[in-house]
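Student: Using the supplied hints, reconstruct the complex from the two chains, each of which is provided in its own coordinate frame.
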Amino acid sequence: MTDATRTGKSASIDIRNLYKIFGKNPKACVDLVRKGMTKAELGKDHSHILGLNDINISIPAGKIQVVMGLSGSGKSTLIRHINRLIEPTSGSILVNGRNVLEMNETELRDFRRQNTAMVFQRFALLPHRSVIDNVTFGLEVRGVDRAKARDTGMRWIERVGLTGFETRYPDELSGGMQQRVGLARALSNDAPILLMDEAYSALDPLIRTDMQTMLLDLQKELNKTIVFITHDLDEALRLGDRIVILRDGSIIQQGDAQDILLRPADDYIERFVKDVNRGRFLKVDAVMDRAEAIDIGSRLRIPAGTTLEVAARELTTSAADAAVVIDAGGKPLGLITLRKITAALSSASEAH
Amino acid sequence: MDWLFKFPQLNSDFLLAIKRGIDGSLREFTRNYGDAIESAFDPLKRILVFFEQVISGAPWPVVILAIAAIGWFASRKWSVVAAVVATLLAIGLLGLWEPTMKTISLVFSATLFSVGIGIPLGIIMNRFKVAGRFLQGLLDIMQTMPPFVYLIPVVMLLGIGRVPGFIAVVIYAIPPIIRLTDLGIRMVDKEVLEAADAYGCSRWQKLIKVQLPLALPTIMAGINQTIMMALGMVVIASMIGVQGLGLNVLEAIANQYFTQGILNGFAIVGIAIIFDRISQAYGQRLQRHRGAAHD
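These protein sequence lines are chains A and B, in that order.
Per our numbering, numbering of the first sequence is gapless, rising by one per residue and ending at 352.
Per our numbering, numbering of the second sequence is gapless, rising by one per residue and ending at 1295.
FYI, nobody ran anything at the bench for these hints, they're computed from the structure.
Hints are not guaranteed to be accurate.
[To be verified] Cross-link-like lysine-lysine pairs, in silico, DSS-like; alpha carbons within 27 Å at most:
| no. | chain 1 | residue 1 | chain 2 | residue 2 |
| --- | --- | --- | --- | --- |
| 1 | A | LYS63 | A | LYS331 |
| 2 | A | LYS274 | A | LYS331 |
| 3 | A | LYS27 | B | LYS1206 |
| 4 | A | LYS283 | A | LYS63 |
| 5 | B | LYS1006 | A | LYS24 |
| 6 | A | LYS63 | A | LYS220 |
| 7 | A | LYS24 | A | LYS9 |
| 8 | B | LYS1129 | A | LYS24 |
| 9 | B | LYS1206 | B | LYS1129 |
| 10 | B | LYS1206 | A | LYS148 |
| 11 | A | LYS340 | A | LYS274 |
| 12 | A | LYS35 | A | LYS24 |
The following block holds chain B by itself, in its conformation from the complex (with noise of 0.2 Å):
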């Protein structure tokens, strides 16, 4: 009755000869292109720095100034405006000015590219069936696999440092803008598709004219959403090197500074409420005339 007890697992010998020969073939990968596939990214961490450059080099007033004006040409409303500058005013009298900017720049690329690539993937789900299940599996495995998992090969190939955690981060962060993108345009009002139809639209009209305005709420749910979720990675992508409040958190949690640690903390938890209610507020806007995509 011993086989009941003991699972019969495959042969030790024969998975440990499988485990050392992928490991020693992704060494062996690493050994050859990480150097061409590094210099390949290399244009996505000059666009990285530029942004960084830009947002941490602003004087202070400029940039509290400019989301403050993001706050209310998204949300109209002064209530909004003033807890943005509040939240500023607090982060840097705390002396957390320079790691927030640097956290906000990489979460402000990270959502800037997700929301490039996952709008048109999310069409992409919602056209094609067959795609649209293949990338509904990975999705799923985007979203539950442990980040320090698939950090393992970025960081073999690619080092530690910005481009390995900008990776970390939209990998993170992506799925919701794609899932939702899809799922705004597959809500959209079956008798108003129909219309476009019958008024002979082509593809393209129907997906500009119709879906996608239709859509736009749900999207910007989405896009909330992979904000939410790349703010939520930065700590994790702190310990590939990424600089700002992830890593005074990393560093806190390390030496037991308890002070350091909830400060940066609150600083996170702030500016994830400034982008929350900004994006929420202009997705509320758009809600406004198009009650329909949600029936």
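Next up, chain A with everything else stripped away, as it sits in the complex (with noise of 0.2 Å):
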């Protein structure tokens, strides 16, 4: 990997007890919130609209943490507040421990240029802008002179698979290659946060899993802090290192994929759950039966972190009936069975 695209910061993100009340006297409210008051109460009683209601999540360096829910749920005002694009009505927001609310104007501007870059559901280009000097726009904020900008720009240009097609105008491109362009223009940005507003949600399909892969291929060696928006829940089990699970406002559940497709947290998430294909996404380590002093001998092994899907495959044309699965340094942490991986495929909830 050339230097342009190596950052050496990082960030971690710690959102507490945030709060955002639309409407004429948002403070006023929150304590109404505070002591329980639901978001159909506050608009019916109070004409406010409840937005997000005590948001506690922290996300590590370095990780891609996903916000799922449906329209309406406040995930995209949730990702607002990172930086600062939506003030909130209490709470703080800290970015390696520094309050992103208590920034002056100077400072907010400077943290929005250094630290993050953002990824927007219908692209946000500059429609007067070639492709080259839309992705170097955040640069060019910046004022990193044209000429390294241009190289910067030309090496993302060519990392997300846009070459030859620099000096094209956005209106000249499909969909997925605008958002090509857009993620380009974030990732040329260097900024230890990425925030990625349904990034993917207004593409096709097959291309959205190709952007998925590919974000995931960059993010082995960029280690960013990803905040990825999503109202599809198969992208946010892909993608996500942890999830956070929106509706009203309000968390219902926070984990990775293995706890919100064994444990759903209520009825929602479980009808959410119900459509998904669990073999893609459910890990071996999750619902094998934990087991370390085995001897291994010739069983079959399966590393840690296979999907279901896999292990199945790799069990039928074997023939054993079970397999060990083991971790990176190859010891053995349990026995997975085809009867455990079946149970665990059709079953709707608890799995263990």
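Tutor: Structure (structure tokens):
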């Protein structure tokens, strides 16, 4: 990898007790919400809209945090708090321990230039600028030397597979290509935090999968702190190191893909989870029988982190009835059987 | 029941006193400061004379070539260039070259001035809501007030000639460019603005790099409107001593010279079409890649 694509900076994000209420006098309504007033009551009796209700998320540096919810759940409002495109009603957002909400205008501008980059659902490219000029926009705003910005921009254009298109204009590109430009613009900024607001929701399913793969590949090298908003559970499970599920402005479950698939917090999530291809996302470590003192011998070995889909295929073709799950060092972690896999795939909720 | 049919107006002596008072003090003001104000406008007058001399004094082939070149660069269409040349040649053949040049120079300088003042005012109107509302009202007055009414004090202060004519044209022609600059900026896609904020643009960067470029097609439409309205004012402006095609029309009205009237009228229409096509073609070329401005 070239220098331009490497970043030494990293950033953790801590969101604490975040409330956002839309309306004429939001401050006055915070206490009502703290005391347990619901979104519906607040809307009906006080004509204020509850955007976010007591959000607490801590995102470690270098991880992909997915925020999932349907429209109106407050997910887009939440991501806009991280770079303060929206002012909260109450709460704090700490990036590397520094409260974003206490920054003055200049500090905030500087924070946005150096620490965050954002990718938008409808791309939000500048239509009057060519691809390369769009990609270097963030650098230009920061006052980076033109030739240097161009160099960086060209490298990222190449990295997202748009070589040859740098002098084209956004309206000459397909949606998928436009979003590649959006991604290249964000990555050129070399910011430790990448905010992706339903970045792939406007794309065709196949292109969406391609873009997800590209993001995961890039993330292996970049280790950015990525906040990814989506309404698509498949996308959330595929990308998220951690997933938060929002509904009506409140968090209803927080955890990784295994937690959400195996232990959905309520009926609402369970209904979501039902239609997901569990074999593709569930991993052997989450459903195996834990046992460390196993004699591996000549038994079939399956590395931890393998999906049930793949494990089932291996078990079926090898004709063994059980396989040993091993960690990266080759130590046994537990046993997995076809029966166990089938049970996990079919059960709607508790697999343990 | 008499009061129902006769409107209870203010005491007529009182009204008369008001009128006399205002008129008297305006006259007094003119007498005292008229010369000073006139000399304050002297630089403007010199600029106007300069423009007129440049355009009227240049050899006619150069003028045709220059306007044709502007047409080409704005539209990149030979049809526009051909129409421009044909119209100008026809005007010249009909013996209207000189008044046409005077009219073009006035419209040109009035448009230049309107754009120079109007775009910043449009930006201010967009940026500051209170000032914007005030300006909105002022523009309404400027557009609907019969020109003769505001010409009275202008003529009293500055006499008759180019400068008051120019002022009258600018007052009439400047509202569209201000309004459409404001509108153009307001119509810029909200998500693009959000992106500008997210990447840490300062207000100035946002204006220069995002808002104005994206508002440009709308602003061009405003410039087009301004040119058209300036041309529409030339006949009225001729009543206060502006020379050119408008004066010929005025003469034709006074003396019932039908042919002179219609030829000069068509000359005005001719240059209106030239200006319109050139500015519109340029606006359309700007439209390429900027479709988002009209979402």
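Student: State for each hint whether it applies.
Tutor: Results for each hint:
Of the supplied pair hints, the one linking LYS63 (chain A) and LYS331 (chain A) holds, its CA atoms being roughly 26 Å apart against a limit of 27 Å. Distance hint between LYS274 (chain A) and LYS331 (chain A) is unfulfilled; the C-alpha atoms sit about 34 Å from each other, more than 27 Å. For the hint pairing LYS27 (chain A) with LYS1206 (chain B), the CA-to-CA distance comes to about 30 Å; that exceeds 27 Å, so the pair is violated. At most 27 Å may separate the alpha-carbon atoms for a hinted pair to count; LYS283 (chain A) and LYS63 (chain A) meet this at roughly 19 Å.
A C-alpha spacing of about 49 Å is found between LYS1006 (chain B) and LYS24 (chain A), which places the hinted pair above 27 Å, so the restraint is violated. Proximity of LYS63 (chain A) to LYS220 (chain A) is assessed by CA-CA distance (about 10 Å); at most 27 Å being required, the pair is judged to hold. As the CA atoms of LYS24 (chain A) and LYS9 (chain A) are separated by approximately 40 Å, the hinted pair breaks the 27 Å bound. A C-alpha spacing of about 19 Å is found between LYS1129 (chain B) and LYS24 (chain A), which places the hinted pair at or below 27 Å, so the restraint holds.
Taking the CA atoms of LYS1206 (chain B) and LYS1129 (chain B), the gap is about 18 Å. The hint holds against a cut of 27 Å. Annotation: proposed proximity of LYS1206 (chain B) to LYS148 (chain A) holds, straight-line Cα distance about 22 Å (limit 27 Å). Distance hint between LYS340 (chain A) and LYS274 (chain A) is fulfilled; the C-alpha atoms sit about 18 Å from each other, no more than 27 Å. A hinted pair counts as satisfied when its Cα atoms are at most 27 Å apart, and LYS35 (chain A) with LYS24 (chain A) qualifies at roughly 20 Å.
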